[in-house]
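Student: Taken in order, these protein sequences are the chains called A and B.
Counting in my numbering, the first sequence runs from 266 upward without gaps.
Counting in my numbering, the second sequence runs from 1326 upward without gaps.
For the record, the hints were derived by calculation from the structure and aren't laboratory data.
Every value quoted in this text rests on a predicted model; they were computed, and no experiment measured them.
The beta-carbon is built from N, C-alpha and C at its ideal position, and this holds for glycine as well.
Please note that the accuracy of each hint is not assured.
Derived lysine-lysine pairs resembling DSBU-like cross-links, with alpha carbons at most 35 Å apart [as the list claims (entries may be wrong)]:
no. : chain 1 : residue 1 : chain 2 : residue 2
1   : B       : Lys1367   : A       : Lys276
2   : B       : Lys1393   : A       : Lys322
3   : B       : Lys1393   : B       : Lys1367
Negatives, chain A to chain B, calculated, CB over 10 Å [said to hold, decoys possible]:
no. : residue
4   : Gln306
5   : Glu309
6   : Leu326
7   : Pro335
8   : Phe362
9   : Asn371
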Amino acid sequence: DTGVSQDPRHKITKRGQNVTFRCDPISEHNRLYWYRQTLGQGPEFLTYFQNEAQLEKSRLLSDRFSAERPKGSFSTLEIQRTEQGDSAMYLCASSYFTSRGMSSYNSPLHFGNGTRLTVT
Amino acid sequence: KQEVTQIPAALSVPEGENLVLNCSFTDSAIYNLQWFRQDPGKGLTSLLLIQSSQREQTSGRLNASLDKSSGRSTLYIAASQPGDSATYLCAALDRGSTLGRLYFGRGTQLTVWP
């Protein structure tokens, strides 16, 4: 299966600890996205990369959060000094984007199964 | 800011019924609209994507329509089955960003009982 994979599936940590999640996108995809989902809500956009460039960040992404995609392949999302409010499902997605002149195309997003973070 | 609303929040029906799930969005300047399925504790599975220039898309028993002028999309599920039980999410991709940000609704939780 060559879908989007995320690791770990579950993470339980104590408040104040740092955590790091990894996402491996579909290999042909040049865009990678991070979303956060809390219970009963739809996913909320955090940030996305095109190749290794981070093109947009949400205001939800406080200075305790940092995301990287150093070689334009896998990505990591780190949360420093975790708080109980950080408990959520962190979802990664990827897509293929291309543009030519005035027209552009973004393929459907493919999501991974997420990393469930619990901060105690 | 784009806001996406889904109605109803939950739906419980007997097997075999035809269903309509509704999605509305506030800003009609969308690039596309995507419908997803999410099973409990899992990620999202893409069901249908409608480009802004299209009116509908079909896949098997699923049909999604898009009316940009009224800011609405519907997902029609024909002959529902217990395996269709899941949460269905719609998401609008804005033209305003660099086509990078999806705005999601809260979803419709569907239960199909035998």
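Student: Each hint: holds or not?
Tutor: Evaluated hints:
no.: 1; hint: Lys1367/B <-> Lys276/A; in the structure: 15 Å, holds
no.: 2; hint: Lys1393/B <-> Lys322/A; in the structure: 27 Å, holds
no.: 3; hint: Lys1393/B <-> Lys1367/B; in the structure: 30 Å, holds
no.: 4; hint: Gln306; in the structure: 6 Å, violated
no.: 5; hint: Glu309; in the structure: 7 Å, violated
no.: 6; hint: Leu326; in the structure: 12 Å, holds
no.: 7; hint: Pro335; in the structure: 19 Å, holds
no.: 8; hint: Phe362; in the structure: 7 Å, violated
no.: 9; hint: Asn371; in the structure: 5 Å, violated
In this structure, the hints that do not hold are numbers 4, 5, 8 and 9, in rising order.
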